[in-house]
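Colleague: Here is how the chains run, residue by residue.
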Amino acid sequence: KQEVTQIPAALSVPEGENLVLNCSFTDSAIYNLQWFRQDPGKGLTSLLLIQSSQREQTSGRLNASLDKSSGRSTLYIAASQPGDSATYLCAATQGGSEKLVFGKGMKLTVNP
Amino acid sequence: GAVVSQHPSRVICKSGTSVKIECRSLDFQATTMFWYRQFPKKSLMLMATSNEGSKATYEQGVEKDKFLINHASLTLSTLTVTSAHPEDSSFYICSATPPTWYQETQYFGPGTRLLVL
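Order-wise, the sequence lines are chains A and B. Counting along the first sequence from 1, when you hit position 8 you're at 9 in my numbering, and nothing is skipped either side. Counting along the second sequence from 1, when you hit position 83 you're at 84 in my numbering, and nothing is skipped either side.
In isolation and in its complexed conformation, chain B is listed as follows (with noise of 0.2 Å):
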């Protein structure tokens, strides 16, 4: 199956500093990109869907100010956690389409830990 892969795998900041995650299609060109986070016990939160060339389209109640995404080729898309704080600490989740996504999954990586101090 189609590869995804997520770096770094986990990372531990300082308050208030920046973390940028990055999501790669392996063997795929992804036009869409979906990022979520879980916390300990609880199911995944659909928190923006990145299309390449184009502004994320961010859930709401997400502070798009806060968690950036770009989108700058069909392969890659970064999250970038502004200004952390502990409450961001949570597990980071991206997903990738194939074209034919009605027939397809879409394809997980294998998620960051970010933990804040």
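With the rest of the complex left out, here is chain A (with noise of 0.2 Å):
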């Protein structure tokens, strides 16, 4: 069974800095990962998603790298912005299935 990891849970940060935020999971037979923002109150936007063949998706000041081999997803934040502040959830598929799992997130606080 796919369990996905997300630490720490939240993180706070003054603007301009660069980020990583860390993703595991238990179960490398995946078909694709995803990384979401979810907005206070809000649903799901989804940021990157990278299948199982590809090593890392960019998009903007987003980029985000799967290493199915260790289990692991990383999403680099580049030159953080307040407007980025939100909670980031990580979800990858499980048992060859299109079911999503999701980490527990991470709440991201980017200071003016």
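Be careful, since some hints might not be right.
As the list claims (entries may be wrong) - The calculated DSSO-like cross-link candidates involving lysine-lysine, where the alpha carbons are at most 30 Å apart (straight line), are:
| # | chain 1 | residue 1 | chain 2 | residue 2 |
| --- | --- | --- | --- | --- |
| 1 | B | 65 | A | 2 |
| 2 | A | 105 | B | 43 |
| 3 | A | 108 | B | 56 |
| 4 | A | 43 | B | 67 |
| 5 | B | 65 | A | 100 |
| 6 | B | 56 | A | 100 |
| 7 | B | 67 | A | 105 |
| 8 | B | 56 | A | 2 |
| 9 | B | 21 | A | 105 |
Claimed, not checked - Examples of chain A residues lying across from chain B (beta carbon under 7 Å, computed):
| # | residue |
| --- | --- |
| 10 | 35 |
| 11 | 45 |
| 12 | 50 |
| 13 | 99 |
| 14 | 103 |
| 15 | 105 |
| 16 | 106 |
No wet-lab data here; the hints were simulated from the structure. Glycine is no exception: its CB is placed at the ideal position from the N, C-alpha and C atoms.
Work from the hints to combine the two standalone chains into their complex.
Modeller: In structure tokens:
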């Protein structure tokens, strides 16, 4: 059974810092791994999807990497801004299916 | 990107009543939709997988008689919370997958906040 872990649970940083968010998963037999953003009281916004055959994906200031052998993914946020403040969720597919297993998320606060 | 809507966005009901939540994929046909619930400061927990034209598959520990799921068309799935109790108060989120789900993300609805008094 897939388990996804995100540590730390929260992070507070000053504006402008480059950030690395960590995600680990137990079952490497994934179809894809995804990073989402969730603002308070809102649904999920997809940030990046990395397919099993890929090593990384980039979108603007965001870069996500995937290392299946070690069961890890990282989300890199360059030059953080107050608008980046949100909860970031990592999710990996489970058991060769499209079901997603989510980590508990990391609450990011970027201070101006 | 693809759009998934949920209705209502917020509902308050009395204990013992039933509440229906709709999930619609607006610009693509979704053979599969998922229902999640999220407690405050917790992650999303998958409740059930809804496939068009067939019975939903429920995750372990989810009462199928309490959370009725109907996926009547390729663009609509409904979740009915029957005989709701205060402990059912939560944030319910649906997602829909396009046919090329292995290449694309699930598309999530904006969520429905249910408060049972």
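Colleague: Compare the structure with each hint and give your call.
Modeller: Each hint, compared with the structure:
| no. | hint | verdict |
| --- | --- | --- |
| 1 | B:65 with A:2 | 22 Å, holds |
| 2 | A:105 with B:43 | 6 Å, holds |
| 3 | A:108 with B:56 | 36 Å, violated |
| 4 | A:43 with B:67 | 25 Å, holds |
| 5 | B:65 with A:100 | 18 Å, holds |
| 6 | B:56 with A:100 | 17 Å, holds |
| 7 | B:67 with A:105 | 25 Å, holds |
| 8 | B:56 with A:2 | 23 Å, holds |
| 9 | B:21 with A:105 | 27 Å, holds |
| 10 | 35 | 6 Å, holds |
| 11 | 45 | 4 Å, holds |
| 12 | 50 | 5 Å, holds |
| 13 | 99 | 5 Å, holds |
| 14 | 103 | 4 Å, holds |
| 15 | 105 | 4 Å, holds |
| 16 | 106 | 6 Å, holds |
Hint compliance for this structure: hint 3 alone is broken.
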